[in-house]
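> Below are the chains, spelled out letter by letter.
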Amino acid sequence: MLKVEQLSGGYSNEPIVKDVSFQVQKGELFGILGPNGSGKTTLLKMISGILPFQSGKISIKGQSIKSFSMKELAKMMAVLSQHSSQAFSYTVKETVSLGRYAHQTGWFRSWSEEDERIVQESMEQTGIRAFQNKSIQELSGGERQRVFLAQALVQEPEILLLDEPTNHLDLSYQKELLDLLKRWTREKGLTVISIFHDLNLASLYCDRLLLLENGSVHTNATPNEVVKVEKIKEVYHTDVEKHPHPSIPVPQMVLLPSFKNEENIVEIGPEFMHFSKEHISLHAPVPLRTMSSGVIGSGVGWHQTFVNRHVDKTYDCSDHRSEMLHYLKEHGFEPSQTIGMMTAVWLEDVSYKLIKGDDFSIFVIVTAGVSNAVDASKSDQHSFEMIPGTINTWVFVNGQLTEEAFIQSIMTATEAKVKVMDSEKVLDRVTGTTATGTSTDSILIAATQMGKKLEFAGTITPLGKLISQGVFECTTEAVQKSRQRLKAK
Amino acid sequence: MKSKAFAYVFATVFLIVAMLLGISIGSVHVPIVNIIQIIGAEIFRFISIDHIDPMQTNIVMSIRLPRVLLAALVGAALAIAGAAFQGLLRNPLADPYTLGVSSGASVGAVMTLFFQFSIPFVGAFTLPLLSILSAFLTIFLVLGFARKIDKGMKVETIILTGIIFSSFLGAFISLVIALTGEELRQIIGWLLGSVSMRGWTYIKIILPFFLIGSIIIMANSKELNAMSFGEERAQHLGVNVQRRKMVILIAGSILTGAAVAVSGTIGFVGLVIPHLTRILWGPDHRHLLPLSILTGSGFLILADLVSRTIISPIELPIGVITALIGAPAFGLILMKRRSVERSGSDA
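First to last, the sequence lines map onto chains A and B. In this text, residue positions in the first sequence follow the working numbering: the first is 835, and each later residue adds one. In this text, residue positions in the second sequence follow the working numbering: the first is 12, and each later residue adds one.
It should be emphasised that the hints constitute simulated quantities derived from the structure, not laboratory data. You may find that some hints are simply not true.
To be verified - Some but not every residue of chain B turned toward chain A, in silico, with C-beta under 10 Å:
no.	residue
1	HIS62
2	PRO65
3	ASN251
Said to hold, decoys possible - Calculated cross-link-like contacts (lysine-lysine; reagent style BS3-like; alpha-carbon spacing at most 30 Å):
no.	chain 1	residue 1	chain 2	residue 2
4	A	LYS900	B	LYS165
5	B	LYS256	A	LYS905
6	A	LYS1253	A	LYS1315
7	B	LYS15	A	LYS891
8	A	LYS891	B	LYS256
9	A	LYS905	B	LYS347
10	B	LYS165	A	LYS909
11	A	LYS909	B	LYS256
12	A	LYS909	B	LYS162
13	A	LYS852	B	LYS162
14	A	LYS968	B	LYS15
15	B	LYS347	A	LYS900
16	B	LYS347	A	LYS968
17	A	LYS852	B	LYS159
Every value quoted in this text rests on a predicted model; they were computed, and no experiment measured them. Just so you know, even glycine gets a beta-carbon here, dropped at the ideal spot from N, CA and C.
Can you build the whole structure from these sequences, using the hints too?
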C-alpha cells in the first residue's frame, strides 16, 4: 500500500530523517515509535506531503506521491494531527463537512445526499452526532479530537496517518479510539500509520512497529520483537521492565523509577505477628511483593497484611470468597492490601521460624492438619469437595526476588512439604498410600524486594536451602502438634 | 438554513435602508418616495417624474446616488478583503489596515499624485493600478519579513510586522507631504479618506476591481474554511495551500488597493464588519463573504451619512467616523479574545 524507500530529509540542510525505508501493507495498523527528536513527526509530515524530502521515494500503490495532486492525495490519505487551530467557532458539522472538500470538484458543486450520508455516518461512528450543532470551541479536548477524526474519515481515505492520536484523551477514549481504528483495519481494510508515545498502547494494537533512533530505523518488526527490554533501554536510555499482558500475547513495559527507597531495610520476623482466637495475622511495615494461592489476594501482587483465619470444619464453603471479604472488613483489614487464607486447624498449633542466611533471611509460618491428606499421584480416586485448607505455608523472604525465584520458591517449599508427609508417615485415607499434602493446601511467597538480590531459589541455592529447611522444620512441628492435640482428645 | 435565509434578508434590508437614508438626508431633504421614483425613472424611462423638483433629481442623480454607491462599493471591498485576510491568517484581528496593505496602497496613490504619474492608455486607472500594485508589494514584503523572523509564520508575528510596515509607510507618506508644496491639500484630503464629490468616474474605476476581487475570493470560500483550521490541516484536506493563499492575497490586495485609490485610507471597516458578521451568523465563509459585502456597504453608507451631517455644514473625513466606532470595537474584540483564550486554556 505504502512504500518508503531510502527517505532522507528535514527542515534544514541537516537531515532529521536519514535513509528510512519500510513498507506498510493494506489493512495494517502500523506504529511508529521513538524518543523525542527521533524524527517521528518529521517522517509523518513527509509521508503526508506537508514537508518536501531531500532524497528517496514515497509511493502509494506503486505510484510516487509527487505525481498526485493535493486533492487526489487527500482522497487516498487523511491525517489526524496532534494540534489543530480553531480560530473561529465553526459548528461540529461544518468542521466535519470540510473533510468532503477533495470530493467536491468544480466551483459550484453542491452538497449531495451522498456527502450528507457520509458525514452523518462518520459523526455517528465517532459519537459526536449528538452535538453536531455545537461550536467546536465549546468542546473538550477529547471531543474535539473525535471531531477531527470524523473529518478525516469523511475524506474516505485508504490510508489514515495519525500523530499521537491519544494525546489529549482520557483512558476510556484512548481505548475506544484504538478499538475503532483496529476494527476499521480489519473490516474495511483501512491502513493506519500512527505515531505512538506509549509503548504499551502501541504493542496492544499495532500489527507492526517501526522503532526510530536519531532519524534512522532501529527495528521494524512485530511488537514482540520490538518491545524488548534491551532495545527500549538502548533507544530510550531508561530503565524498563517487561511484563506479558495478562490476557493477550503482547509485551508490556513498566518504568523503573530511579529514586531510592529512603526507608530502612525491613526484616520480616515474629515481631510483626498478631495472634487472636480467630486468626493469625502479620502486618508488614511496607507492601511486599507476593505470589500466593489464598482466598483473597491470590496471584501476583503487592500486599501488606496477611491473615490466616480459623474456621470450623462445618464451615459452608459455597461463597467463601465474599464471606471472607466481609470477615476481613469487619476485623479492620483493608481487603485490597490483604492476602487471606482459611484453615480448620487450631491456630495454637502454628509453627514459625526466622532463619538467617548470608545477608538475607526468611521467615516461615506453617499451620498444618492432615485429616484430609491426599496422595497426589492417586488423586483421581478422590471426589472434589471444598474443605478449608489444612496446610497453609507462608514464606517471607527478606531480600529481592526475581520472578523466576518466586516460582522456584514455590517448588522448593512444596517439595519440602511433601517430604514431611513422607517422614511423618501421613497416609491418604482413601488409597492407604503416603500422602503428598492435603486437598486444599495454600502457599504464600512474599518478598520485601529490598536488600540482597536473590536470583534463584532452587533447592540447592542459598535461598532454596533456607526455604527447604524452614518449611521442612515448621511443617514437621505443626503436623506433630496437631497430631498430639488429636491424641489428647 | 432558515437562519441563513433570514441573515440575507436582514442584511439586504439593512443595505437598502442605509442607501435610502444616505440619499434622503442632507442639506436638502429628499423624500424617500421621490428617491424611488427618480431612480425608477432612470431605469424605466416611461415613468414620469414631472411633478418632482428637477433640483431634487439633480441632487439624487449626480451627487448623492454616486456618493452612496461609492461608499457602498468601498465598504463592501474593505469588508470582504478583511474577511478573507482574517480567514487566511486565522485571526479576527487581521484586516487590510493592520496588515499594512492599506498603507502600502496609500504610498502608491501618494506617489502617483506627487509625481503626477500617468500610465499611457489607462489614464484614470493609473492611480488605482499603482495603488493595487503597491498594496500587493506591501503584503508580500510583510509576509516575507514575517517568514524571516518566524518560520512558523505565527499570526502574531504577521500582525506585528504589518504594524511595523504600516508605521514606516505612514512616516514615508508624511515625508512626501512635507516635501510637497501645492499638492499638499489634495494629498491630505485624500489621505483622510472621503467619498464626497467623487462622481460617477470613481465608481467606474472601482467597480471592475471590486467585481474581480470579490468573485475570486468568493470562489475560494471553501478553501478559506479549510485554511481557518491551519495551513497543514487545509493541505491534508486537499487544498493547494500555496496557490490558494497567493490567489486570495492577490484578490485581497486588488480590493484594498482599489478602495484606497478611490477613497483614501478608511480604517476599521475591514476589521469590524467581518467580525460582527461572524458573531451574528457564523464563520462559514460561503455565507460570511456575501453577508460581509452587504453589511460592509451599508455600514460605510451610514458612516458617510454621519460624517457629513453630525457637525453640518462641516464635513468630517469618513475615516474619523469609522475609527471612532472601530477602535473601541477593536479593543472589545481583543478583550473578548483574551478571555476566551484564558478560559480555553483552563479547560
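> All hints, please: hold or fail.
So, going through the hints one by one against the coordinates:
Because the closest C-beta pair between HIS62/B and chain A is about 46 Å apart, greater than 10 Å, the hint is violated. Hint status for PRO65/B relative to chain A: violated, with the closest Cβ pair at about 46 Å, above 10 Å. With its C-beta approaching chain A no nearer than about 5 Å, ASN251/B sits inside the 10 Å limit, and its interface hint holds. The straight-line distance between the Cα atoms of LYS900/A and LYS165/B is roughly 28 Å, inside the 30 Å bound, and the hint therefore holds.
Among the hinted pairs, LYS256/B with LYS905/A is consistent with the structure: their alpha-carbon atoms are about 16 Å apart, no more than 30 Å. With a CA separation close to 17 Å, the supplied pair LYS1253/A and LYS1315/A stays within the 30 Å bound. Restraint check: the Cα-Cα separation between LYS15/B and LYS891/A comes to about 48 Å, which exceeds 30 Å; the hinted pair is violated. Of the supplied pair hints, the one linking LYS891/A and LYS256/B holds, its CA atoms being roughly 28 Å apart against a limit of 30 Å.
Restraint check for LYS905/A and LYS347/B: not satisfied, since their Cα atoms lie roughly 37 Å apart, outside the 30 Å limit. In summary, the hint linking LYS165/B to LYS909/A is supported, as the alpha carbons are separated by about 29 Å, within the 30 Å threshold. Taking the CA atoms of LYS909/A and LYS256/B, the gap is about 21 Å. The hint holds against a cut of 30 Å. For the suggested pair LYS909/A and LYS162/B, the alpha carbons sit about 29 Å apart, so the restraint of at most 30 Å is met.
Pair hint LYS852/A plus LYS162/B holds up; C-alpha atoms about 23 Å apart against a cutoff of 30 Å. Proposed proximity of LYS968/A and LYS15/B is supported: the alpha carbons are some 16 Å apart, at most 30 Å. A threshold of 30 Å between alpha carbons decides the hint, and for LYS347/B with LYS900/A the separation of about 44 Å lies outside it, so the pair is violated. For the suggested pair LYS347/B and LYS968/A, the alpha carbons sit about 19 Å apart, so the restraint of at most 30 Å is met.
Restraint check: the Cα-Cα separation between LYS852/A and LYS159/B comes to about 27 Å, which is no more than 30 Å; the hinted pair holds.
In terms of the numbered hints stated before, the structure departs from hints 1, 2, 7, 9 and 15, listed from lowest to highest.
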